[in-house]
Amino acid sequence: MVKVESSFSQMFIPRKETIRNSGDGYAFDVAALLAAVGGEQMHYIEFNSVRRELETRQRWPLLHLVSELLDQPERSADVAKPVSLHKEGAAI
Amino acid sequence: MKFIAFVSAKGGTGRTTLAANLGVILARAGHRVLALDCDPQNALGTHLGIPPGLRLGIAEGSSPDEIIEYLTAQRGEVPCIPFGTRDRDDLQQAESTLLADSGWLMRRVLDVVPSGTELVLVDTPAGERVWTEHVLEMANVIVGVHLPDAACFATLPVMAAMLERQCRGRELKPAVWHVLNQMEPRSKLARDTEFLMRRHLGERLVPCPVPRDPVVGEAWAQQLPVALHSPTTGAVAALRELSEHLLTPLVDLQRHTAKVCR
Amino acid sequence: MKKAKLLQTPSITFAGGIARAVRLLAMVIAVVTLTLVVLTPLGLREQVSLSGMLFLVALVVTRSRHRLSTLMLMVMAITVSARYLAWRISATMSVESLDLMLSAAMLFAELYAFLILVLGYFQISRPIVRKPLALPADLRDWPAVDVFIPTYNESLEVVRATILAAQTLDWPQDKLHIFVLDDGNREDFQHFANDVGVGYFSRRDNRGAKAGNINAALARTNAPFVAVFDCDHIPTRSFLQLTMGWLVEDDRLAMVQTPHHFYSPDPLERNLRIFKTCPNEGELFYGLIQPGNDLWNAVFFCGSCAVIRRAALVDVGGIAEETVTEDAHTALRMHRRGWRTAFLGVRQAGGLATESLSGHIRQRVRWARGMVQILRVDNPLFGPGLTWPQRLCYLNGLLYFLSGLPRLIFLTAPLGFLLLNAHIFAAEPVMVLAYALPHLTFTLMATSRIQGSFRRSFWGELYETVLSAYIVLPTILALINPRLGRFNVTAKGGLITTSYFDWRIALPFLVLFGLNLTGIAAGLWAASTGRQQLDSVLINVGWATYNLIILSVAIAAAFERQQRRRHARIVLRLPAMVERSYGNTVACELSDLSLSGASLGHAGNEIERGEELHLTLRLGEESLPMPARVVSTKAGILRLELATLSPERERFLVRALFCRADNWIRWADERRLDQPVRSFLDISLCGLRGLIQLVVNSTTSNSTISRRYT
Numbered sequence: 001m002v003k004v005e006s007s008f009s010q011m012f013i014p015r016k017e018t019i020r021n022s023g024d025g026y027a028f029d030v031a032a033l034l035a036a037v038g039g040e041q042m043h044y045i046e047f048n049s050v051r052r053e054l055e056t057r058q059r060w061p062l063l064h065l066v067s068e069l070l071d072q073p074e075r076s077a078d079v080a081k082p083v084s085l086h087k088e089g090a091a092i
Numbered sequence: 001m002k003f004i005a006f007v008s009a010k011g012g013t014g015r016t017t018l019a020a021n022l023g024v025i026l027a028r029a030g031h032r033v034l035a036l037d038c039d040p041q042n043a044l045g046t047h048l049g050i051p052p053g054l055r056l057g058i059a060e061g062s063s064p065d066e067i068i069e070y071l072t073a074q075r076g077e078v079p080c081i082p083f084g085t086r087d088r089d090d091l092q093q094a095e096s097t098l099l100a101d102s103g104w105l106m107r108r109v110l111d112v113v114p115s116g117t118e119l120v121l122v123d124t125p126a127g128e129r130v131w132t133e134h135v136l137e138m139a140n141v142i143v144g145v146h147l148p149d150a151a152c153f154a155t156l157p158v159m160a161a162m163l164e165r166q167c168r169g170r171e172l173k174p175a176v177w178h179v180l181n182q183m184e185p186r187s188k189l190a191r192d193t194e195f196l197m198r199r200h201l202g203e204r205l206v207p208c209p210v211p212r213d214p215v216v217g218e219a220w221a222q223q224l225p226v227a228l229h230s231p232t233t234g235a236v237a238a239l240r241e242l243s244e245h246l247l248t249p250l251v252d253l254q255r256h257t258a259k260v261c262r
Numbered sequence: 001m002k003k004a005k006l007l008q009t010p011s012i013t014f015a016g017g018i019a020r021a022v023r024l025l026a027m028v029i030a031v032v033t034l035t036l037v038v039l040t041p042l043g044l045r046e047q048v049s050l051s052g053m054l055f056l057v058a059l060v061v062t063r064s065r066h067r068l069s070t071l072m073l074m075v076m077a078i079t080v081s082a083r084y085l086a087w088r089i090s091a092t093m094s095v096e097s098l099d100l101m102l103s104a105a106m107l108f109a110e111l112y113a114f115l116i117l118v119l120g121y122f123q124i125s126r127p128i129v130r131k132p133l134a135l136p137a138d139l140r141d142w143p144a145v146d147v148f149i150p151t152y153n154e155s156l157e158v159v160r161a162t163i164l165a166a167q168t169l170d171w172p173q174d175k176l177h178i179f180v181l182d183d184g185n186r187e188d189f190q191h192f193a194n195d196v197g198v199g200y201f202s203r204r205d206n207r208g209a210k211a212g213n214i215n216a217a218l219a220r221t222n223a224p225f226v227a228v229f230d231c232d233h234i235p236t237r238s239f240l241q242l243t244m245g246w247l248v249e250d251d252r253l254a255m256v257q258t259p260h261h262f263y264s265p266d267p268l269e270r271n272l273r274i275f276k277t278c279p280n281e282g283e284l285f286y287g288l289i290q291p292g293n294d295l296w297n298a299v300f301f302c303g304s305c306a307v308i309r310r311a312a313l314v315d316v317g318g319i320a321e322e323t324v325t326e327d328a329h330t331a332l333r334m335h336r337r338g339w340r341t342a343f344l345g346v347r348q349a350g351g352l353a354t355e356s357l358s359g360h361i362r363q364r365v366r367w368a369r370g371m372v373q374i375l376r377v378d379n380p381l382f383g384p385g386l387t388w389p390q391r392l393c394y395l396n397g398l399l400y401f402l403s404g405l406p407r408l409i410f411l412t413a414p415l416g417f418l419l420l421n422a423h424i425f426a427a428e429p430v431m432v433l434a435y436a437l438p439h440l441t442f443t444l445m446a447t448s449r450i451q452g453s454f455r456r457s458f459w460g461e462l463y464e465t466v467l468s469a470y471i472v473l474p475t476i477l478a479l480i481n482p483r484l485g486r487f488n489v490t491a492k493g494g495l496i497t498t499s500y501f502d503w504r505i506a507l508p509f510l511v512l513f514g515l516n517l518t519g520i521a522a523g524l525w526a527a528s529t530g531r532q533q534l535d536s537v538l539i540n541v542g543w544a545t546y547n548l549i550i551l552s553v554a555i556a557a558a559f560e561r562q563q564r565r566r567h568a569r570i571v572l573r574l575p576a577m578v579e580r581s582y583g584n585t586v587a588c589e590l591s592d593l594s595l596s597g598a599s600l601g602h603a604g605n606e607i608e609r610g611e612e613l614h615l616t617l618r619l620g621e622e623s624l625p626m627p628a629r630v631v632s633t634k635a636g637i638l639r640l641e642l643a644t645l646s647p648e649r650e651r652f653l654v655r656a657l658f659c660r661a662d663n664w665i666r667w668a669d670e671r672r673l674d675q676p677v678r679s680f681l682d683i684s685l686c687g688l689r690g691l692i693q694l695v696v697n698s699t700t701s702n703s704t705i706s707r708r709y710t
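Protein chains in written order, with this note's numbering: chain A, 1 to 92; chain B, 1 to 262; chain C, 1 to 710.
Chain A on its own, in the form it takes in the complex (with noise of 0.2 Å):
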């Protein structure tokens, strides 16, 4: 969590630590803006992403059945991620 000073010499510098380089990955650049504004317990949708899923998959359809499959419930919850992680596991 940021902390945000009121004082007359500050205005949303943000700290350093908190902000991983942006510009590798999606909604980082909004995770980094919330981390530097204080604004952690936003929930920010990304609409410009959903758009673009919705055009995609219309124009593909043999990606949107496949989309769909992954979509759904009984598989969702560790399809994108088919195994939980453990912090063991994860560091080499």
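Check each hint, because a few of them may be wrong.
Listing some non-contacts, in silico: residues in chain C with all C-beta distances to chain B over 12 Å [stated by the list, open to error]:
#: 1; residue: H66
#: 2; residue: R67
#: 3; residue: E428
#: 4; residue: G542
#: 5; residue: L615
#: 6; residue: E641
Just so you have them, the derived chain A footprint on chain B, three or more residues with Cβ under 8 Å [unchecked claim]:
#: 7; segment: 145-158
#: 8; segment: 189-197
Some chain C residues near chain A, calculated using beta-carbon distances under 10 Å [claimed, not checked]:
#: 9; residue: A134
#: 10; residue: S238
#: 11; residue: Q241
#: 12; residue: V346
#: 13; residue: R376
#: 14; residue: Y400
#: 15; residue: D662
Worth flagging that the hints you see were computed from the coordinates, not collected in a lab.
Keep in mind it's a predicted model, so treat the numbers as computed, not measured.
Even for Gly, the Cβ is constructed at its ideal location relative to N, Cα and C.
Got chain A; can you put chains B and C on it based on the hints?
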């Protein structure tokens, strides 16, 4: 010592090439790497200086001493244990051994692995073969390799199911990453497939895809790792990024507390 | 009380009537004491001792960065300055007519400066650092927003990025309506709007200029909220989700204003080469003054980068058309009707600064005229609906633009003595020093402490100096008759094709410089021949020298530097890949990007000048290759020129350059705190460079002389 398994649901994804070249990059970054071929195609070694047709390997009848001797004699940057050249009957026999004795592969590997090895990069056959099962059982990190095309995308559910099945019930669950190989940014289908893969795989899909580049094949044909043949190519940069990604603990990614919903 | 936490102000509660009485008593005692301190005349020795003591106290107090010590410093500075003024009025006004006239003029300027100072201290006494508020969880409760992009004579090249960026705002598509308000009735705009799928409005006349334009559009739309962007202010994708939360939560909130951020240097920054190393003129306003206004509910509309509630606009009859600063006037009217306003100090849009110093001045002259018009037609001191803090904040904002005459007086005051032998101070020179030095020192210290990170010391003087000669007449005229004067639009997006010295715009600075220089020469001559006392001469010569320094910087700012690029480059680190014609890829690192080109660091040297290749940029989940041509490969930097882009690619590039949510937040990262002495040296150096350039420019034969840019 950690095992990194390279898997894919279909053939032709470039899994073997990727594993070999990644091994070289990791070795150049200072890690003690061992390459292990568990794919009956026996192609891993061709990237790493092993003559094709060599009658030696993890699945061959070779004794541990023979393998160790061969390993110490290797000149390349990454020592490699090939699969071995077996005909169909021998292969079936080896596979039934594996089915009967689940710890056989692990024991064999532990018998021959050079001391001080940090990372063992293991190549597996495409799909869900017996070899894949066993490799996955001992893996600490699993890397799924995909092509940015519709056929590969269609196998995502299969791969997901396979991974889930293999890793269910394991106490120490492995880290799973996915990487997109042979990316062609100029193809709209490739771009769209990448996009959808990111939507589904989320952070599991490594940020940088490995680009399709003719030098990769050229390097192979010259029996050189790409990092040596063309160090400035984008493929090498992407592999380097992939190697850093594999080595970064996952905790870093979860530091973002902002909720981003799609 | 989530909102209170997000506003981060202390709650002002009195713990009972007794505490209240005690506080009142303390305040009365403090005021009486201060008045005594201010009004007691002291002899030289006592004055010096008092000032010295206060100075030592100030030095100790400023070691701490606590708010309390800042307040103490403010009080001390006001006290010292008030002492000075009291002494001025009581002891230094001469009886001789010329002296009296000049002395009175000077006193007027000093009183003005003091008033602005005190009002300013009040205005920014407790700036609010407002955080964004979350929107409702149910999307059905999110309101519709009309996005207006008014334009008049700017070229499509400038406006298209804004339009494309507006389309990528993260907001439900059925609730986002974008309109280009084209007062220029241009076909290419209409075609573009139709091609990309945004609304297009035009009018037969352009009555009321931008205000009339927006009002006409208001009549043709109906969303409950209106977001306004100047045609070159490009919003980030998160603009609406960051600002709308406050508007949805509080239905008496009429507006949320965000900072105007410029990613290209303004003329002063460019010509003086201080881009990014020194805060620019706008940073004080958006960094401190508007957050200060936020506490008093006095945030005013700045014409762009804001969202306004339609009901509030309807309530005040639309955007005000009576003055040329329609934005501030509209906010004033809304405040009179009891609406609240808010400021969110997060940079969520990026725009182009004005191109040349003359354009820069023209824009500010318009603001000055407009603000003075407001002072005349809708004076915030009078009239219903405003709280006293609001009146004072508006007053300060409006009075600031009357600084033309006072600044000119300061710039010419020493000449009264040096050239005309008139005495502005009917007092001993050493007494003058004893009173004036503390006054100046404390003002400097307090100002540096309060606003140093947003504006370095002495730069305020420079900004005022540059403007002074130009706003004097328009503001006085507007004061006399507010109906005079037309609206003139600021030209945006021009290109300065060659470096040149703008003699025309620099004329007043040169004249003033010459006068001060003559004064110094005359004074030194008079002192050497014994016609004047040395100490008086020295004080005035010192003052004139200070004027020379500031004026030399103003002159330096008139050296327009050539802009070699069609589009401003933005420093950006994005993953990038270059693909050559055979499919070979090259690893590279993007170092900067613009709408027309890119610079990349790369390894290897196979790529040749003139080669055609594809640059693939990666933006979040997406990537897109752009065709490009290699312009240079010098020093390991690959410089590419992008080909004309398809709409899909153009939109992607705009997104990569301007629309990422965190695009502008790290702009001010490496700022150090203000050090007045250091700042003075820096500014003197700028001035010196300018003078040297001037001498060189006027003596070399192939210099370009007064060629105005087209």
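Identify every previously stated hint that the structure contradicts and give their numbers, smallest first. 5, 13 and 14
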